[in-house]
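S.K.: So you can see what is in the structure, the chains are spelled out below.
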Amino acid sequence: MNVAAFWKKVIRNRALLFMVIPGTVWFLIFAYLPMFGSILAFKDFRISRDGFFASVFNSKWVGFKNFEYLFTTSDAYVITRNTILYNLALIFLGLVISVGLAIILSELVNKRMAKVYQTGMFLPHFLSWVIISYFAFTFLSMDKGTLNQIITFFGGERISWYSEPKYWPFIIVFVGIWKSVGYNSVIYLAAITGIDKSYYEAAVIDGATKWKQIRYITVPLLKPLMIILTILAIGGIFRSDFGLFYQLPKDAGALYPVTNVIDTFVYRGLINMGDIGMSTAAGLYQSLVGLVLILVANAIVRKIEKDHAIF
Amino acid sequence: MKKKSFFMALALILALSAILAGCGGNKKSSEPAKEEAAVQSDGTIDVSKLDPVTLKLYLIGPSQKDLPKVQEEINKYVGEKINAKLEITMIDWGDYSQRMQVITSSGEDYDIAFTSSWAFDYLPNAAKGAFMPLNDLIDQYGKGIKEVLDPRFLEGTKVNGVNYGIPANKELAQQFVWRFNKKYLDKYNLDISNVTTLEDLEPLLKTIKENEPADITPLAVPKNFKPYLPFDFVLGDEIPIGMYIDTKDNKYVNILESPELKAALQTMRKYYKAGYVREDVATLEGIDNMKTGKWLVDREITQPYAELGWSRSAGYDIVTKPMHDPIIYTSSAAGSMLAISSYSKNPERAMMFLNLLNTDAYLRNLIQYGIEDVHYKKVEDPYIEDLPAMNENYAMPGFALGNMFLTYLHEGEPKDKWDAFEKFNSSAIVAPTFGFNFDTAPVKTEVAAVTNVAKEFIPALYTGSVDPDEYLPKALQKFKDAGIDKVIAEAQKQFDAWKAEQK
Amino acid sequence: MISNSAQLDVKKQRDFNEITPGWNVLFNILIGLFSFSCVFPFLFVIIISLTDEQTLALEGFSLWPSKFSTEAYSYIFQTGHELLVSFGVTLLVTIMGTLITLILVTTYAYAVSRKSFEFRGFFSFLAFFTMLFSGGMVPGYIVMTQFLHLQNTIWSLIFPLSLSAFSIIVMRTFFQTTVPDEIIESAKIDGAGELKTFIRIVLPVSLPGIATIGLFACLAYWNDWFNALLYYNKPELTPPLQFLLMKIEKNMDFLIKNAQNLGTFNAAAGLPTETVRMAMVVLATLPIVLAYPFFQRYFVQGLTVGSVKG
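Chains as they are written, first to last, in numbering that gives the first Met the number 0: chain A, 0 to 310; chain B, 0 to 502; chain C, 0 to 309.
Derived by calculation from the structure, the hints in this document are not laboratory data.
This structure is a prediction, so every number in the text was calculated from the model and none was measured.
Among the hints, erroneous ones may be present.
Think about it this way: if two alpha-carbon atoms lie no more than 30 Å apart in a straight line, the pair counts; the simulated DSBU-like pairs of lysine-lysine are [stated by the list, open to error]: (1) K485/B - K59/A; (2) K68/B - K290/B; (3) K64/B - K233/C; (4) K143/A - K233/C; (5) K187/C - K7/A; (6) K145/B - K422/B; (7) K247/B - K502/B; (8) K247/B - K208/B; (9) K416/B - K376/B; (10) K225/B - K473/B; (11) K290/B - K256/C; (12) K256/C - K479/B; (13) K143/A - K293/B; (14) K225/B - K143/A; (15) K293/B - K249/C; (16) K485/B - K473/B; (17) K269/B - K75/B; (18) K290/B - K145/B; (19) K492/B - K64/A; (20) K182/B - K75/B; (21) K64/B - K48/B; (22) K48/B - K33/B; (23) K142/B - K225/B; (24) K165/A - K225/B; (25) K249/C - K290/B; (26) K272/B - K233/C; (27) K233/C - K222/A; (28) K233/C - K84/B.
Model the full assembly from the supplied sequences, consistent with the hints where possible.
M.R.: Laid out in structure tokens, this is it:
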């Protein structure tokens, strides 16, 4: 690219460039500058007396040794499978339910009630996983739990919830969606609010039913947002909400086959060693997979509907 | 073209960070000449020869309102003695390890920090280079420490022959006891004089289970319960690798394969089925039996006169029965230490301060109990009485602040408390691997995997929540898949090398 | 009053496009039940906070304890000064932070939403890339403490959260879908510059999107405790509310796991009781829940009165 043309381009776009300056500065300082820390993933970090940078540069390169524990153990398959499957379930069920909720909320006749419901749905977002796990425990506790009381009332056999892996995929997906859906539906609700009302008026005049209006106006107009949020969520498919998999099942060993995900595995394995190289390696691995998946998803979307791709 | 400009930007950023990196590492070697000259031939310190310095300390525990006040008082005294000032930062229990990890990795220049085998872990951080080697500093500026401290403390906390921290003088040995709720012992006239092992508990547990309502837990233990096993563990009692305490061949073994463990697991399974432990014990993080009083027996680590303290805080009588003789492990010697950061600009002065803290009763009590007549009242030497201000604004964890034998006693405590500690320490057996510190770095992949397996199986097995006949072989297999044999072999290799050096 | 009559007017007008009463009842029941399931744990927390401490220890959590007590709240309000200051810190950080976030996000997102912006792809990617990669805690800590020297200032709680690529991408989508290019083009023809168009024309019609981003930022700041853990540590500084709460949770956890390492030192004595903790959860959550309707009017009320803000 020749320099003069480049400057011309800059000048042509000066107003918009001016608007991205504050954000760009922030990204450089708080996001890109710290990224050099990623090289720790390839080092055996040892502290030397002259500060962090000296430590980084003096530490030995160890290639991919810090990554090994993520792949070579007998748990590697289980944690990868769990992480991906749970995330897929949470992403797609979450998408359908939060869009559905947003649409229903927008259609309720009594707007005051809609507001009340919506505020209610927001509350789980504020409770920490520790508290939600207390709450779940009042349902699932072996001796005093509500569920077991109901079961025994109907003459059933009590279930030891925290040692029966088969129930947990449902519990985890249910609670995961329950906690996040109120929060996620806000975006869609806001998008519905932003839809130009004249579309609906025209549709009504044409005699479109409510169902048709939703199907041909609301959903298509929400589509860009749905696609983008889903692509972004796919980028995070190797990360998980730690508390959902650690706090909620009360770290019960018997449940590991269905609750152990990459994040909990890394946490448990490193908590005593505190190895910064290995934890950085885990993060980098999650990021790289995320980047690849996003690029793929984005490329697919770009093929189908160019306008909706992120870049 | 877009791609190209992106990479240009990336290169720019990298260059920028490299430049910034350059200014980050400011070299500054300290100048010990003055400190050297200040130590006089009789060991006292000539303050006039010292420049004023400020020492930055990180200690564990909740932040205290009156700390600035007490710190001012401390600084007056420490200023007179070694011309130094302290700047103490308290970091709360749950945050300490994580925050110190960030602080040390980032290269912040503090001087002294609390470290131990259980918070801001001593061993991995010493191995990583977070702390300054202290051997020479102790010889030069910490002579007092060597005089007051049981030499085995310093012996046990060496990493490859180097000391990286000053252990607090307290109980050196570890001893597990059964704690009993005396109320129920009296009620059923139960005799504990013959109780030592897990099996011995059975008749007692049975009595309680049969005669008391269901909400009384006979054996009140949470998920981290472990039956006593005669092993010297190499990576903590959660990971089943150890050497027999009375080992003949100095070999590390897989504890899951030992007959002792099998027997203990069968017993626990029996107890679990009989309902002697809580049904949900495998997921029970903690148990508030002390608060409710609805229990017969639990398991705890003791120290001399511990029952008095336990009874006092519970509000009812508690008696104990040891499970074994006190044993000195490497980890028990590292229960509470103060280390000097490898970034410290004034390590000599820091050591002078540590020396003072471990030998000077006035300073030691000042930092733990605060100011006389503000936070406490002297009664009759060595007794003090807490004033309300202590509980409200200055409740420091005394065991994390150096030599405990210098501290005042509270009423109700026996006068010979610290003598009893010394006796306890000298009566103890020394574990076969005492002084050996395992560097996990060569097998960290396996250790991470083994730790995960341990968290999956150990609580359920050790509490009897699952059938050992079915789960023990399963666990064994999984540990093997995770590479436990490699960890054992590495530990053995390092131990043998260390052992050879000892002779 | 005003919103009431507006609602009535609209109702009359739009009656013909309402869902049928049958569906309406069904939806109300469905959503009502779900919403109740969300409120329920919070009620539960309130009940625990009002339970007598000893009863709680003996009976465990229960929806209808045998003995109630307001002890926890009176305990908190006795030592209330710190809590009040802490509340103030949280409020200040939340308000300042949200404003800064809104400025950064809307300007950046608007620029990359414009098809005429020739660096659009580059800056989109620049933002997006940060969503995936981070250098970890330590490098971030070094930037904050050793380059910027902002530790123990309020900025250390504000800056790390002031911008997120996620918000930018969502906001960009909002701009693209709700602000038609024709509006901007016609403004341009009228001679308005980019900045003027942005402030006068684009922002006012993007209120639902702005409110969403604002709400997310607000919640992120309100719930943040991690930055306080890293950067805000001096006895004379009162940390934000969530940090106090989180600290207690982490301490509990730590002390339970390490009880045997502490010897006879009774560290738990310094911890608030279970009921006090729940009371703190209530006190830390209620204000933000009460502030919620402020944002909500842009999502829900907006539905009834079209694009004219309520």
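S.K.: Would you pick out the hints that fail for this structure and give their numbers low to high?
M.R.: 2, 4, 8, 17, 18, 20, 21, 23, 26 and 27
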